[in-house]
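Novice: For reference, the chains in residue letters:
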Amino acid sequence: MPLILIHSPKGGVGSTFLTAQIAMHLSARGHQVTAIDFTYQDSLKLHFGMLPNQALVEMSFGGGETMMVSGVDLMTGHALSRTPEFAEAIRLADAPLFDPARITIADVSADDRILKGQLLAHADLHLCTLLPRPASLATLPQVEPGTPVTELTKTMFLLNQLDDRHRLSRHTHSFIRELTRDRLMGSVRRDEAVNEALAMFEPLTKFAPSSVVIPDMTRIAAAIEERLGLVETADQPEVVRS
Amino acid sequence: MRQDARNLLERLSRKDFKYQQFADPYADMELWPIFQALLTDERVTGTDTRELRGAEVQIRPRDDRQEKPVEAARPRAPLFERYNQRAAAQPPRGGDVVNMRSFLDRLSDKN
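Order-wise, the sequence lines are chains A and B.
Heads up: the first sequence begins at 121 in our numbering, then just goes up one per residue.
Heads up: the second sequence begins at 62 in our numbering, then just goes up one per residue.
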């Protein structure tokens, strides 16, 4: 089963939020999903409704505990990713780092470029989040240094926090769509309910089931399935669990 | 409010929707300088096209900083005066839609 790497060269663009949403939506569509928080911030769990003082289980070699939240096997891999054993396993690529029976989604910090490079070598799909803001767009050349954006093969883009009321947001959407062509996997509209759900320690699907973000994420999950060949037909009835 | 929008809202019986009519057609895309900078960046497009000039940057040995004369304090301008000056200056650059479209088309052909 595939490894999906979620990493953007710019922090604060919503990559962790999208990791959680993609994991929950793919799980709701019948897939076995593991989401691994490789960041020091340890904030992926908040998007699943967990509290800051609730600890995730540690990723480990060959088994260990599991923690299922909202249908997703959730763990932290930050400590393990700092060990020589992890680097060796990545280098040899023969250790069962990730469960072959599950879709694994890895959330990696913007500045953790070494880990990003290590995981990219094994990833089937790299999702790069962008915001319709200049500081985010200006990091496009750093998505994969040495390879022009227009020549990336594993990388697809997600445009987050779109707001059609603002001119730059509308124009950025058009620009990125033209620049990346079929590598723009989808866009997500901005909704304050995302922050409110976090503040309530509730998954978005439970706190704001009518949020515009949910149909946007449904389309993105379907596009990921299609891209990775996970389903024969992309259109399936969907029930998002909360 | 456009009549067709008014009719639609009445049919939906929704009083809580905000209505906004955009000055620019939705499909239009202005050539903001940030877009132009990316389109002329070889690391983005794989094409060496240097058309946009960035800020003038001077690189000097570190010691030169000590020799830099200290600029005399200028009389303080009223707060926010800079915004008045900007308003009186040229309007922001508008959209050179044709150029960007053709550039993107060329990029697409190359791919």
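Calculated directly from the structure, the hints in this document are not laboratory data.
A virtual CB, placed ideally from N, CA and C, is assigned to each residue, including glycine.
Accuracy of the hints is not assured; some may be wrong.
[What the hints assert, rightly or not] To give a feel for the contact side, a few chain A residues facing chain B, derived at Cβ under 7 Å:
1) T203
2) P204
3) E205
4) F206
5) P254
6) A255
7) L260
8) V269
9) L272
10) D283
11) H291
12) S294
[Stated by the list, open to error] To give an idea of the interface, some chain A residues facing chain B are shown, with a C-beta separation under 10 Å as derived from the structure:
13) R211
14) D231
15) L257
16) P261
17) Q262
18) V263
19) P268
20) D284
21) R290
22) H293
23) T338
24) R339
Novice: Compare the structure with each hint and give your call.
Specialist: Comparing the hints with the structure gives:
no., hint, in the structure
1, T203, "33 Å, violated"
2, P204, "33 Å, violated"
3, E205, "34 Å, violated"
4, F206, "30 Å, violated"
5, P254, "5 Å, holds"
6, A255, "9 Å, violated"
7, L260, "5 Å, holds"
8, V269, "5 Å, holds"
9, L272, "10 Å, violated"
10, D283, "11 Å, violated"
11, H291, "5 Å, holds"
12, S294, "4 Å, holds"
13, R211, "27 Å, violated"
14, D231, "19 Å, violated"
15, L257, "6 Å, holds"
16, P261, "4 Å, holds"
17, Q262, "8 Å, holds"
18, V263, "9 Å, holds"
19, P268, "3 Å, holds"
20, D284, "8 Å, holds"
21, R290, "6 Å, holds"
22, H293, "9 Å, holds"
23, T338, "23 Å, violated"
24, R339, "19 Å, violated"
Checked against the numbered hints given earlier, the structure breaks hints 1, 2, 3, 4, 6, 9, 10, 13, 14, 23, 24 and satisfies all the rest.
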